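Student: Chains A and B are the protein sequences, given in the same order.
Under the working numbering, the first residue of the first sequence carries the number 1, and numbering increases by one thereafter.
Under the working numbering, the first residue of the second sequence carries the number 1, and numbering increases by one thereafter.
These are calculated hints, taken from the structure and not from any lab test.
Quantities reported herein were computed from a predicted structural model and do not represent experimental measurements.
Even glycine gets a Cβ: it sits at the ideal position worked out from N, Cα and C.
One or more hints might be untrue.
What the hints assert, rightly or not - Here are a few chain A residues that sit away from chain B, every Cβ distance over 10 Å (derived from the structure):
id : residue
1  : Q67
2  : P112
3  : T134
4  : R135
5  : G224
6  : F267
7  : H437
Stated by the list, open to error - List time: in silico DSBU-like cross-link candidates among lysine-lysine, alpha-carbon distance up to 30 Å:
id : chain 1 : residue 1 : chain 2 : residue 2
8  : A       : K118      : A       : K503
9  : B       : K106      : B       : K93
10 : A       : K503      : A       : K74
11 : A       : K486      : B       : K106
12 : B       : K161      : A       : K486
13 : B       : K70       : A       : K384
14 : A       : K384      : B       : K130
15 : A       : K150      : A       : K137
16 : A       : K97       : A       : K130
17 : A       : K470      : B       : K130
18 : A       : K493      : B       : K166
19 : A       : K470      : A       : K456
20 : A       : K384      : B       : K9
21 : A       : K486      : B       : K130
22 : B       : K130      : A       : K456
23 : B       : K130      : A       : K493
24 : B       : K106      : B       : K247
25 : A       : K486      : B       : K93
26 : B       : K9        : B       : K106
27 : A       : K115      : A       : K74
28 : A       : K21       : A       : K4
29 : A       : K130      : A       : K115
30 : A       : K384      : B       : K84
31 : A       : K449      : B       : K130
32 : A       : K503      : A       : K97
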Amino acid sequence: MDKKLNLEQKKVDLARNTAAKIADHLHSWIGNYTTTTTERAAARLLGIDDVDKGDVPLANVMVDKLQQAGCLDKGLVPWLARAVAAREEPPQEIAEKLADGQLSVDEIPELPAEKWRKIADSMAEEAAAKIRGTRNKREQKKQEAMPPNKPLLYVIVATGNVYEDAIQAKAAALQGADIVAVIRHTGQSLLDYVPYGPTSEGFGGTYATQENFRIVREALDEAGEETGRYIQLVNYASGLCMPEISVMGAFERLDMMLNDAMYGILFRDINMKRTFIDQHFSRMINAYAGIIINTGEDNYLTTADAYEQGHTVLASQFINEQLGLRSGLKEEQMGLGHAFEISPSMEDGLMMEIAQAQLCRELFPNSPLKYMPPTKHVTGDIFKTYLVNGMFNLVSVLTGQEIQLLGMLTEAIHTPFISDRYLSIANSQYIFNNARHLGDEIFFKEGGKIQSRAEKLLGDACDMLQEIEKIGLEAAMEQGFFADIKRSQQGGKGGSGVIEKHKDYYNPFMDIFLNGAEAGKGGQS
Amino acid sequence: MDVDFSKVKAYGDTLNDGSMQVSFTLPVPAGDEAREAARQLALKMGLEAPSVTEMVDLGAGFTFFVLYGKCTHTVDYAAIKIPKRQQEVLDFKQINELIKNELGRKVVVVAACTGSDAHTVGIDAIINMKGYMGEYGLERYPQMDAYNLGSQVPNEDLLAKAIELKADAVLVSQVVTQKNIHLENLTELVELAEAEGLRDRVLLICGGPRISHELAIELGYDAGFGPGTLPNHVGSYIAAELIRREKTEE
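One chain only, chain B, in its complex shape (with noise of 0.2 Å):
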C-alpha cells in the first residue's frame, strides 16, 4: 500500500477515499430541511457527498443523525512529534526487584480523587491492593508505601498528607470533565506544590479517562496516564524516574 504519510486520509475501503462516520443532534425538529441542515454541516465539516443513513426524532425538539461522508482534509502524519515516556514497561517483580536493588528504600506515593471528583474507580485500579485486569495495585508492592486517601480530597489535604509521609509521587486522578473542571483542579495543584516548595521533590502524575501524557506535561505534571492504564504502568515509570532522578543528583 503506498501511503502518502505527509499527506494521510481517512480510510474505508479504498486509499484516500476519507470515509468516516460521524453522529451527532441538531436542536431542530426531524424532517427534510433538518436532514437538509445535517448535509450542510458535513459539507462544512469538510465532508463531501454526506449521506444522512439515520434520522431519528428524539422528541422535544431535537433530532439524531448518522451520517457517512468522504473527508477533504488530509493531516502530515511524518511531521507529528509527541513527547513520550522513556522507559519500557516492567512487570510487578521486575519493578520491585530495580527499586530494591537500585533505590535501596521503599518508595511512598500518594493518590487521590481530588476536587470535588467522587469517582474513584480508576485511582483505586492503580493504587488498591487488587489492582485491575490481572495486575496488582501499587498497594501490594512490597516496595512500595502506597496510600489511597479517596474521593473528594482537597488539594491542600493531598499535598499536606505527600509531605507528612515524604511522599516521593503524587498521583491524581479525575474522571469528571464537566466544563473543564479537571484542568481547573490539576492546575491549582500544581501551583499549591510549588507555593510549597514541594514541586521538585515529587513527581506529579495525573491520571484519567480524558488525560494524555502530552496534556499533564503541558499543566505542569511529570507524567500523565490515560485509558488502559494498568498499574505496572506506573509502577514502572515512578521507579525508573526516581533512579533516573537519584543518578543525576549524584
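With the rest of the complex left out, here is chain A (with noise of 0.2 Å):
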C-alpha cells in the first residue's frame, strides 16, 4: 500500500501510545473481576447446552445456583469439576441433574486443588482442542474455495425468522455476497441469557440462538460449494451475553463478529464495569477462534455529525485495537469499523469521506477495515440513496477498504427485500471492477485539502486521546467524549452481574486462550 498523506509518524506513534496507556488503565482492574455472562461462557465452553422446563438455559441455571450459594466468586469451573469428579457424570448431567433439583450446590464435597485443577484442565483442553477443529476447519475450505477479490461484499438478512434468513442468506450468497450478518433481534442485547433452538419470531432481526447459528452457516456452506467461495457468517457478540455468544460462534464456525469495546456502554446503556470484562473474555474467544470482531464507530456518526466527530472515530478505533491486542486479538482479526455519513449536501464531502478512509487504512495497515455505508443522510429516495451508496464504493475501493457492508437503496424504509440487495451487489461489482485500480494511479496533492483533513484529525484524534488518558476512559465516557452519550459508571445495566474474583478463583480459558493466541502471534489468521 502507498502511503498517500504524509502523515507525521510521531503523532501516530503518539496516538498508539497513548491508547495503550488507556487500555493499560483498564486492565489494571478487569482482572479483579468476573461477570455471571462470563462464567455462563466457561459453562458452555464445558458443554453445557439446553434449557430447563421454564426455558431458562441450564448455563443460567447454574450460575445462579452457585451465585446463591455464594461461590461464584471463585469461578464455575471449580466447582463444576469437583462435582464431575464426586459424580463422575459429564457436565451436561450435572447441569440438568442441578436444574431439576436432583442435585445442589452444597452436595458436591470439596477436594484438594491438584485433583479437581487436573480434571478442569483436561476438560478445558477438550473444549479448546474443538474450537481449534472448528477453526481448522474454516482455514481448510477457505484454502479450497476461491479466493475472494478485495473489498469483501457484505450484505444483512433480518427477516426474524431463521429459516427465511437462511433462504435469503443463500440467495445473497449465489448473488456474488462474500459475507452475510443476520441481523440480530432488536430486544436482545439487553437479554441477560441466550435464546435456545431455532426461531421463527424476531422483529428487526432473528435472535441469535446456537442452533440459527448452526442453520445459517449450513445455507452458507451449501451456497459455497455450489458456487466454489468461501460464505462467511457474521452475528453479534454484543450486548449482556457477549462472551457466550462468542462461544456459539466459535463452535458453529461463525466468520466475524461484532464484538467492541464500548458499544454495549454508549447504545445500549450497558454497565461500564460489566461491559470492559465482558468483552474481555468475548474477544479472547474470538481470537482463539480466528474469528474477525467487527467494531462499532461507524455508529458515533449516525449520532454526532460525521465531519465534526471525525475524530472520535479515530480515537475509538485505537482504543478498540489496544484493549483487541491485550485480549489475544491479531490486528489481522481487528475490522476496525467507519462509515461515509458526512451529509452529501456538503461541498466537497467526498473529499473528506476519501482523507478519512484513506488516513484509517494508513493508521490500520494490517487491519480488516470495516466500511459502513450512508445511513443518516438517507431518505426514501431510494434512486439517490443508489447513487450516493455508489460514491461510498467508489471512495472504499480508492482507498483499500476490506470489509464492505453494502448500502441499501431501500435504507430508511425497510429491512432488505431480495431485490435490494441484489442491486446493492451488482452496483458494488460495477464500482469495484470499473475502479480496481484507480487508487494505485492517485496520490494527493501535498499539502492539499485531503493531506491536511487528514492531518487534523489525526491531531484532534491525538488530543482527544491524552485527554481521555488524563482522566481515565471511564470518566471520558461519564463526560461524553464519544458520540455525544454521557454513562454514569455506577449506572446501566447488569452492574449486578459483576462480580469480585475470589483469591482462588480459577478460570483455565484465561490462560488456554491468552497463550494460544500468544502462540499464533506473528502467524497467518
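Relying on the hints, combine the two individually framed chains into one complex.
Tutor: As C-alpha cells, this is what we get:
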C-alpha cells in the first residue's frame, strides 16, 4: 500500500501509545472481576447446553445457583470439576440434575486443588481442541475456495425467521455476497441469557441462538459449495452476553462477530464495568477461534455529526485496537469500523470521506477495516440513495477498504428485500471492477485539502486520546466524549452481574486462550 | 395544462398517459414463463401495455423485474381532505420567544424510542443538542427542558418519567416497522396513558419514517411527524398547541 497522506510518524506513534496507556489503565482492574455471563460462557465451553422446563438455559441455572450459594466468586469451573469428580458424570448431566433439583450445590464435597484442577484443565483442553478443530475446518475450506476480491461484499439479512434468513442468506451468496450477517432481534442485547433453539419470531432481526447459527452456517456452506467460494457468516457478540455468544460462534464456525469494547455502554446503556470485563473474555474466545471482530465506530457518526466528530472514530479505533491486542486478537482479526456519513449536501464532502477512509487505511495497515454505508442522510428517495451508495463504493475501492457493508437503496424504508440486496451487490461489483486499480494511480496533492484534513483528524484524535488518558476512559465516557452520549460509571444495565474474584478464582480458559493467541502471534490468521 | 382534478392519472411525458415504473421479485425461476407471469401480474394491477424492461435471475429460484406500464386507474384529487397540523413553522428564536411570552414557563419534553426499538437516529435528530441539518435539537432550546431517554424504553417507563417530570409533551420514535410492531407499541402507549389518567394532560406525539400525521391521529395521538421533520417543526407544533390549549382553558 502506498502512503499518500504524508502523516507525521511521531503523531501516529503518540496516538497509539496513548491508547495503549488507556487500555493498560482499564486492565489494571478488569482482571480483578468476573461476570455472570463470563461464567456462563465457561459453562457453555464445557458443553453445557439446552434449557430447563421453564426455558431457562442450563448455563444460567448453574450460574444462578452458584451465585445463591455464594461461591461464584471462585468461578464456575472449580465447582463443576469437583462435581464431575464426585459424581463421575459429564457436565451436561450435572447441569440437568441441578436444574430439576436432584442435586444441590452444597452436596459436592471439597477436593484438593491439584485433583480438581487436573480435571478442569483436561475438560478445558478438550473444549479448546474442539474450537481449534472448527478453526482448522474454516482454514481448510478457505484454502479450497476461490480467493475473494477485495473489498469483500457484506450484506445483511433480517427477516426475524431463521428459516427465511437461511433462504435469503443463500440467495445473497449466490448473487455474489462474500459475507452475510444475520441481524439480531432488536431486544436481544438486553437479555441476560441466550435464547435456545431455532426461532421464527423476531423484530428487526432474528435471535442469536446456537441452533440458528448452525442453520444459517449450513445454508451458506451449501451456497459456497455451489459457487466454489467460502461465504463468511456474521453475528453479534454484543449486549449482556458477549462471551457466551462468542462461544456459540466459535463452536458453529462463525467467521466474524460484531464485538466492540464500548458499544454496549454507549448505545445500549449497559453497565460500564460489566462491558469492559465481558468484552475481554469475549474477545479472547474470538481470538482463539480465528474470528474477525467488527467494531462499531460507525455508530458515533449516526448520532453526532460526521464531519465534526471524525476524530472520535479514530480515537475509538485506537482504543479498540489496544484493548483487542490485550485480549489476544491479532491486527489481522480487527475489522475496525468507520462510516461514510458526511452529509451529501456538503461541498467537497467526497474529499473529506476520502481523507478519512485513507487515513484509517494508513493508521491500521494490517487490519481488515470495516466500512459502513450512509444511513443518516438517507431518505426514502431510493434513486438518490443508490447513487450515494455508488460514491461510497468508489471511496472504498479507491482507499483499499476490506469489509464493505453494502448500502441498501431502501435504507430508512424497510429491512432489505431480496431485490434490494441484489441491486446493492450489482452496484458494488460494477464499481469495484470498473475502478479496481484506480487507487494505484492516484496521489494526493501535497498540503492539499485531503492531506490537510487527514492531518487535522489525526491531530484532534491525539488530543482527544491524551485527554482521555488523563482522566481515564470511564470518566471520559461519563462526560460524553463519544457520540455525545454520557454514561455514568455506576449506572446502566447488568451491573449486578459483576463479581469481585476470590483469591482462589480459577478459569482455565483465560490461560489457554491468551497463550494460544501468543503462540500464534506473527503467524497467519 | 388541462388537468381534470377529479380524474387524475399518472404522468410520464403526456397528460393522462398513466405511465409508471414498478419493480418487484417473484419466487419463480427466471425465464420466458417468469416474464409472462410478471406481465400478467401487471395487467391485474391495472397496468396496460406492460413491458418487462429488465429481468434478473436472483438465484435460489427468485427473479427480479423492472417493468413499465400505463396505469388505467384514476383518483379524485379534488375530493381529498387530509387533517393537517394547523400552525406555521417557526424558527428556533421565534419558538423560544413565543414560549417565554405566551406561556411564561419552561416546556418539559420527554422523548424515547420505545419497545424493542433500538434505532435512535430519528429521536436524536429532534432532541439532541446538535439537532439535524443545521437546526438545533430541542435540548438546546432555552425555553425547553428536553429529556431523551434513549432506546428500548418500555412504554411504562416513558410514562412514569413523564409523570415524574410533569411533562408537557411526550415524543415517541418508532423506526422498526417489521410486522407492524410500531403500531402495537404506539397503541399500547395511548392505552397506558389513558389508564394513568395522563392522556389529556400531555401532548402525545409520535414520529418515524413510516409515520404520518394522519396515522398518528388515527392511533389517538395529537400529532405525527414523518420523514424530513426537523426539530423546529416539532418545536413549533408543541409551542403553538400548548398555547392554544392554555387559552381554551382560560
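Student: It remains to establish, for every hint, whether it holds in the given structure.
Tutor: Outcome of the hint check:
no., hint, result
1, Q67, "26 Å, holds"
2, P112, "48 Å, holds"
3, T134, "26 Å, holds"
4, R135, "29 Å, holds"
5, G224, "13 Å, holds"
6, F267, "7 Å, violated"
7, H437, "28 Å, holds"
8, A:K118 x A:K503, "19 Å, holds"
9, B:K106 x B:K93, "14 Å, holds"
10, A:K503 x A:K74, "8 Å, holds"
11, A:K486 x B:K106, "24 Å, holds"
12, B:K161 x A:K486, "19 Å, holds"
13, B:K70 x A:K384, "24 Å, holds"
14, A:K384 x B:K130, "25 Å, holds"
15, A:K150 x A:K137, "22 Å, holds"
16, A:K97 x A:K130, "25 Å, holds"
17, A:K470 x B:K130, "26 Å, holds"
18, A:K493 x B:K166, "26 Å, holds"
19, A:K470 x A:K456, "21 Å, holds"
20, A:K384 x B:K9, "25 Å, holds"
21, A:K486 x B:K130, "14 Å, holds"
22, B:K130 x A:K456, "22 Å, holds"
23, B:K130 x A:K493, "26 Å, holds"
24, B:K106 x B:K247, "17 Å, holds"
25, A:K486 x B:K93, "27 Å, holds"
26, B:K9 x B:K106, "49 Å, violated"
27, A:K115 x A:K74, "16 Å, holds"
28, A:K21 x A:K4, "28 Å, holds"
29, A:K130 x A:K115, "23 Å, holds"
30, A:K384 x B:K84, "28 Å, holds"
31, A:K449 x B:K130, "26 Å, holds"
32, A:K503 x A:K97, "29 Å, holds"
In summary, the numbered hints that this structure violates are 6 and 26.
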